[in-house]
Amino acid sequence: NAGVTQTPKFQVLKTGQSMTLQCAQDMNHNSMYWYRQDPGMGLRLIYYSASEGTTDKGEVPNGYNVSRLNKREFSLRLESAAPSQTSVYFCASSEWRERGSNEQFFGPGTRLTVL
Amino acid sequence: DQQVKQNSPSLSVQEGRISILNCDYTNSMFDYFLWYKKYPAEGPTFLISISSIKDKNEDGRFTVFLNKSAKHLSLHIVPSQPGDSAVYFCAASALRNAGNMLTFGGGTRLMVKP
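Going down the list, the sequences are from chains A and B. According to my numbering, numbering within the first sequence proceeds without interruption in unit steps and concludes at 530. According to my numbering, numbering within the second sequence proceeds without interruption in unit steps and concludes at 136.
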């Protein structure tokens with residue numbers, strides 16, 4: 416099992432360029448998430464998909480769009496990159512349980528720099 | 023307004039001693055708490071969790087304590103080892119939220135000196 420995989424690992428963009436970050440999980444999880452990590456800010460939720468066919472905004476959705484392509488894949492798109500979007504992006508997945516641990520499993524991250 | 027706060031950005035401890043990492047929260051709807059560990063250039067990995075119906079959960083060298091009245095939780099690592107050097111994030115969740123969303127603190131960098 417690969418768990419959660421993300422591509423690319425690194426990316427440098429110029430202001431105004433667009434790109435899509437890819438994420439896939441092989442754990443048959445229902446829920447998937449995109450976070451960004453900035454120094455001192457922890458991980459902040461950008462968008463999430465509670466189940467296949469649904470997506471919702473998180474804490475910091477502006478400037479991003481997402482697509483839940485199927486149960487395995489959840490992509491994050493930057494339509495017009497800005498320097499403020501320079502960050503490390505993490506994808507995660509989890510199984511929804513009514514009770515008990517709702518542990519999320521994370522991918523290795525994509526380090527994005529916008530010049 | 024941060025709902026989950028880790029007020030110590032860094033902590034340095036001698037190998038073999040106890041490490042205590044602290045976390046405070048403001049949202050009384052949170053009823054499940056988790057700690058994640060993160061090494062450089064890797065994604066966070068789950069360490070230990072606790073439900074609000076408990077005040078302590080132990081797993082080997084790691085123990086999490088929850089004080090609901092103070093809205094405070096702490097992670098104890100005993101004994102600390104150099105391999106524990108990493109950034110630790112606490113996270114909180116309200117079980118009823120349909121998306122299993124987690125709210126993270128800003129992280130504490132732990133350095134365990136040999």
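Note that these hints are calculated values from the structure, not bench results. In this text, all values refer to a predicted model and were calculated from it rather than measured experimentally. Beta carbons are placed, not taken as given, at the ideal position from N, Cα and C, and that holds for glycine. There's no promise every hint is true.
Here are the simulated SDA-like pairs of lysine to any residue, each with C-alpha atoms no more than 25 Å apart in a straight line [unchecked claim]:
1. B:Lys59 to A:Asn445
2. A:Lys486 to A:Gly455
3. A:Lys486 to A:Ala497
4. B:Lys76 to A:Lys429
5. A:Lys424 to A:Gly455
6. B:Lys78 to A:Trp511
Here are some chain B residues pointing at chain A (derived, C-beta under 8 Å) [stated by the list, open to error]:
7. Pro31
8. Tyr61
9. Leu124
Now the hints, each set against the structure:
For the hint pairing Lys59 of chain B with Asn445 of chain A, the CA-to-CA distance comes to about 23 Å; that is within 25 Å, so the pair holds. A hinted pair counts as satisfied when its Cα atoms are at most 25 Å apart, and Lys486 of chain A with Gly455 of chain A does not qualify at roughly 32 Å. Among the hinted pairs, Lys486 of chain A with Ala497 of chain A is inconsistent with the structure: their alpha-carbon atoms are about 30 Å apart, more than 25 Å. Pair hint Lys76 of chain B plus Lys429 of chain A does not hold up; C-alpha atoms about 50 Å apart against a cutoff of 25 Å.
At most 25 Å may separate the alpha-carbon atoms for a hinted pair to count; Lys424 of chain A and Gly455 of chain A meet this at roughly 22 Å. A hinted pair counts as satisfied when its Cα atoms are at most 25 Å apart, and Lys78 of chain B with Trp511 of chain A qualifies at roughly 24 Å. Against a cut-off of 8 Å between C-beta atoms, the interface hint on Pro31 of chain B holds, since the closest Cβ of chain A lies about 7 Å away. A distance limit of 8 Å between C-beta atoms decides the matter here; for Tyr61 of chain B the minimum to chain A is near 10 Å, and the interface restraint is violated.
A hinted interface residue such as Leu124 of chain B counts as satisfied when its beta carbon comes closer than 8 Å to some beta carbon of chain A; here the least separation is about 6 Å, so the hint holds.
The structure shown violates the earlier hints numbered 2, 3, 4, 8.
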